[in-house]
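Trainee: Model the full assembly from the supplied sequences, consistent with the hints where possible.
The listed protein sequences derive, respectively, from chains Y and U. Under my numbering, the first residue of the first sequence is numbered 672, with each subsequent residue one higher. Under my numbering, the first residue of the second sequence is numbered 672, with each subsequent residue one higher.
For the record, the hints were derived by calculation from the structure and aren't laboratory data.
The list treats identical chains as one, so a pair stands whether inside a single copy or across any two.
With a straight-line Cα cutoff of 25 Å, these simulated DSS-like cross-link-like pairs (lysine-lysine) come out: (1) K885 x K950; (2) K800 x K950; (3) K710 x K800; (4) K885 x K850.
2 protein chains.
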Amino acid sequence: MPLINRLAIVGVGLIGGSLARILREKNEVGEVVGIGRGKDNLERAVELGVIDRYCHDPREGVAGADMVFLATPVCTIADLVGEIAPALAPGCVVTDGGSVKGEIVSACEPLMPAGRHFIGGHPIAGTEKSGVEASFAELYQGRRCIITPTERSDRGALETVVRMWELTGSEVVLMDVAKHDRVVAAISHLPHMVAYSLVNAVGEYDGCDENILKYSAGGFRDFTRIASSDPVMWRDIALMNRGSVLEMMDFFAGYYAELRELVAQGDGEALERFFARSKQYRDGLVAGTRS
Amino acid sequence: MPLINRLAIVGVGLIGGSLARILREKNEVGEVVGIGRGKDNLERAVELGVIDRYCHDPREGVAGADMVFLATPVCTIADLVGEIAPALAPGCVVTDGGSVKGEIVSACEPLMPAGRHFIGGHPIAGTEKSGVEASFAELYQGRRCIITPTERSDRGALETVVRMWELTGSEVVLMDVAKHDRVVAAISHLPHMVAYSLVNAVGEYDGCDENILKYSAGGFRDFTRIASSDPVMWRDIALMNRGSVLEMMDFFAGYYAELRELVAQGDGEALERFFARSKQYRDGLVAGTRS
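Mentor: So this is what it looks like as structure tokens:
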């Protein structure tokens, strides 16, 4: 018997499509219903065998589902949950893949009717591609998936969501909502803020008589790749995880100011220590890489 | 007739070895003498055919050379030039590959005896490997090489250095010393300062009850790769290019502070514009990539 009888996925792209693929491959889902606006993408998803059928109306799409997965932009999730809530079947579990959890979980939990459950989730996986064509069953293999239950979470619903992500090959980690938002602010949101600032600074530096970006080599391009990320998505993340992003931005600014002072003072010993500490953390990271 | 009769290379590693390889391949050098401390590396360089012979004493090694290439750490170059200056043959051209030019050029030019010439250079190339084993003839192909002549530079010496780098397949760019130091501060030194600060901040963040680096995924690792660079080398670069590094660090700090305020104010429109501007610069960079 499959874990899920009917899975409704809102947003059948890389994230939603890959989840459907692996669950189907393992025969752990009876039927998959895709929900979205774009007809072409949904028809392609049917052709590819990622979903069985689709519809554009979220309420209609979630009817009779025992699991609903929301893979839409972070700023849309709470509204979407409000819209589908009245149409959810008894016992239905709703979960999401948004990279911010505090605002989403606190908004969505109270929207759930009795006997329906919201559990926040965040699979830490992705590629630079998007759309259902880019989805593949192995996307989550060996990656971490953070699940953020609260005191209000239904134990059975939580277990089902954990089991679903374990089936994808993910390493599931349960984490407090606030801690999740700090962790991702540190390892993902902060680096994006830094990269965006860096590229703007170098791109607009006016101390030479020409744009100096043209002298950049491979190192600069690698370092700044994340500054090519979608501005709208990052606007939403910065707004929705504002508190943690600000906390981490200020925390970074302290280290940066310290380094600036060491450079200004020409303190070679302290500079070497500063760089060596960083190298140690970074090398430890690589040593700890899981394939 | 080859461009160079006898080339003396101090520091036969990736940078020095690759220069020797391409000049030999093109029959543009008569004899290559390697100079360094490590016997094993130099013997390996002979075995690999990168150099013809070697010696440990720089003065002995440069005798009779018409071109000397210094591929040692930036902080050693001025002392080295002081040491070899009395042993240089008439007409000899000395050049280097250091990534900082102001301090090096201003220190080395006055050290040259009459009829011997120093020309500063900086081939923008490299890999994560080092040592003569890692050297290869194509390292400089399609890369930029910045040459920084001054008013005192001998025109013939400059032409020879330019020609040598053109033979490697590099695109040679002549640049004012101060401009060079600003350009590399922006596209290379600043990103390193930012990456080192970021990894230290995230590595030492104490707002969760555990080290959060372990949650980092591929994106963080890619972004912070340069924080694994050699602390001693970067200490020297920060010290030697202090003025430009500080200028660029402060310039970046202005953009970062601006972004921090946009996040604090929750100004979605301005955030999207900030990110979109950055994405535009970054995407333009990739579109302009030379293969």
